[in-house]
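My request is simple: use the sequences and hints to build the entire structure.
Letter by letter, the chains look like this.
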Amino acid sequence: MPTKIEKDAVSGQDTTGHEWDGIKELNTPLPRWWLYTFYACILFAVVWSALYPSIPGIHGYFHGILHYSQRQELDKEVRAAAAEHADIRQRIASSSLDQVAADPEMSEYAVAGGKAIFANNCAVCHGAAGSGRPNFPVLADDKWLWGGKRADIYQTIQHGIRSLDDPTTRMSQMPRFGADKILNEQQIADVAAHVRTLARLDPPSDASKRGNAIFSEQCAVCHGQNGQGNRQFGAPSLTDGIWLYAGTKDAIEQQVTLPKQGVMPAWSKRLDDVEIKMVSLYVHGLGGGE
Amino acid sequence: MTALASKATNEKAQPAHIRAEAARLAAVDGQNYADRVKVYPASVNGPIRRVKSALLIACLAFYYLVPWVRWHRGSGLPDQAILLDIAGRRAYLFGIVIWPQQIYLLTGALILAAVGLFLVTSLFGRVWCGYFCPQTVWTDLFMWIERMIEGDANHRRRRDAQPWGIDKLWRKTTKHALWLLVAFSTGGAWILYYVDAPSLVHEFLHGEAEVATYFFIGLFTATTYLLAGWAREQVCTFMCPWPRFQSAMFDDQTLAVSYRSWRGESRGRHKAGDSWNGRGDCVDCYRCVAVCPTGIDIRDGIQLECIGCGLCVDACNNVMKKVGRPKNLIFWDTATRLAAATKGEMLTYRLFRPRTLMYATLVSVVLIILGTATLIRTRVDLSIERDRTPNYVTLSNGAIRNGYTVRIENRTMNPARYEVRVGGLKGETLRIGTEGPNLEWLDVQPNQVATFRMFVQAPRDILQAATTPIHFELIDSEHSRRVEGTTVFEGPETRDHPRIN
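In order, the protein sequences belong to chains A and B.
Start counting the first sequence at 1; every next residue gets the next number (my numbering).
Start counting the second sequence at 1; every next residue gets the next number (my numbering).
Check the hints yourself; a few may be wrong.
What the hints assert, rightly or not - Here's a subset of chain A near chain B, in silico, CB distances under 7 Å, partners left out: (1) G17; (2) A128; (3) A129; (4) D141; (5) D142; (6) K143; (7) G147; (8) G148; (9) D240; (10) G241; (11) I242.
Stated by the list, open to error - Just some of the chain B residues that point at chain A, by a computed CB distance under 8 Å: (12) T434; (13) F455; (14) L463.
None of these hints come from the bench; they were simulated from the model.
Every residue gets a Cβ at the ideal spot worked out from N, C-alpha and C, and that includes glycine.
Below you can see the structure in the form of structure tokens.
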């Protein structure tokens, strides 16, 4: 620091005291508003660092005087949201499915929630809004393998189908007629021909007449004498135009020879009872509910 | 000698504004901008002041009372005649309810206001600025309070120059307290246009209103206090765009507060008994300047700062009466008439001019369009959203089903009940609702939107193509209203797996 501040003769401004080859540097300080804003920022940073988590350590970090944590905040919000829903969820829990459906407030809540649950858990196989995917049933139509009443849907979701980790799962098995040599290839072809006449896809033929006899003997136990199906075994009707595994002759023969056994998980392990009720109502309302 | 003497007298009695102007020029020296010179408008009595006061009271009464006007719309609906319910997304104007989709009506109203202002300006000059503008009304009110507490212009000027003392302190404190009170009631009343007035006042007094309410009341209190108490004429001169572009509406035939220089000049002091021959009527008393709320001299001709309030007319007439000269040396006049009068001609004021006729036509056209749009506005709106997933559903009997989400907006204040029909298909069945029995009627509450799920099912044989145009028809037989919405019915692209009978 120069002991004596020299003033520039032309501008009247102070100089810094630095001189290079006779040229003196003017002292032009930062604008005061800028400087004070800068100091205020430093002060703000100090206060902020003291109040909030700021300094990292090796085994943790400085938590700040306020002990603020974004995870805690989120947790609080989630709990607050859950508390807001607690009342109506409690009401749904203590009501039957039909009671929930009949109450506009509960029904609206359940269907809206069921929609979200369905999109997260079910749509991957059953398609958005139950539109179905290859080898997985459409839920928007009126054909139900195991029943389309609210209680039926509820049970299917809760315990699943062929979900071996649930002792009360819906269970049935189509025999492997071809693979286990119960029927030979010719017999299977005849049965397939008969099934296609049941569905009114082909007119009756000699093969289908032969197949009719085999059908009565082997298939009618589950699928019914006229192929109308039986929900007790999840045996589909063979007379309508809806096919889970396609209705071509090849596909039918394939299914008789070495059947696909579709599995639906038991959702009681993943969803709570209220959530299952909600998604049951949503599925019931997709258009095919009984 | 006489002239010199009179000049000397003049300088001695130099009116405040001259001194102020000199101070202003001194302040400008070496700087980029001039400091504001505070205006101390003097009080004035006269017919124009009385008209202005009456309009002031009328405007304030309108502003404060309108939110309290009630209008019965039915149970569960707001009963405030004018309510801009932003949270509920409705604007209520007596019997008219405007939904967000009808915001164009607001656009129309704003256009009408603009064109109406053009018309009034081209006819009568700045009557809006001088009498109706909130800035003018509240500034006038604040000046009245100031005058009650601090006295007239001379007292105020003298006190401001004095050092602080008891007298100055209590007067200033009282004045600002009263200003803040008025500002608060102004800001408070503004909120009442956006929420139900009686319940808000109750909530406010009990400290239960929303934070936003307190914030906006605080904001409008602050703006009123600052704009009417402190900024005053600076708002009109520097902030408001209207004085800037009103010159586009002004022409030589527009009425403006004018000094009739053909009568006034040459001006000069006049002693009782002196002859009026060879001189003008203006006695150079500066009363017109003293009362001017924007601190200008009207004798300098038409000016941006002039808000056309006409208080100088009253001031001048009072003086003319005293000196025994005819009234209205300053009055509303046009540039054409002033120019003609200088040559000794007297022209009549022309109300019907191409400009005014054009503005009048514009006003009528906008008014007709706005009126028609308001009358034929949609009372019931129907929107149909067809399900995309699944595009269609094949049922076990082979029929094809499509799902639709139908939204009905009942913009009336009456509950409505609709019967639904589907047109464009043959042998179709309609199912409404997903749970419970099929709905026979669709009930929509007044002023509400209702959403319904609908399933239309048609035999496959009747579908001629993958896409069949259909329409939904809503019939409200009670109010004899019929609404139609078009959509399509989708089916399979090709007849895969054709079935035989």
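So, going through the hints one by one against the coordinates:
1. G17: 30 Å, violated
2. A128: Because about 4 Å separates A128 of chain A from the closest Cβ in chain B, which is inside the 7 Å limit, the hint holds.
3. A129: Where the cut-off is 7 Å and the nearest Cβ of chain B is about 5 Å from A129 of chain A, the hint holds.
4. D141: 5 Å, holds
5. D142: Hint holds; D142 of chain A Cβ to chain B Cβ min 5 Å, cut 7 Å.
6. K143: 5 Å, holds
7. G147: 14 Å, violated
8. G148: 11 Å, violated
9. D240: With Cβ-Cβ at 4 Å, under 7 Å, it holds.
10. G241: 5 Å, holds
11. I242: Interface hint status for I242 of chain A: holds (6 Å vs cutoff 7 Å).
12. T434: 3 Å, holds
13. F455: 5 Å, holds
14. L463: 14 Å, violated
In terms of the numbered hints stated before, the structure departs from hints 1, 7, 8, 14, listed from lowest to highest.
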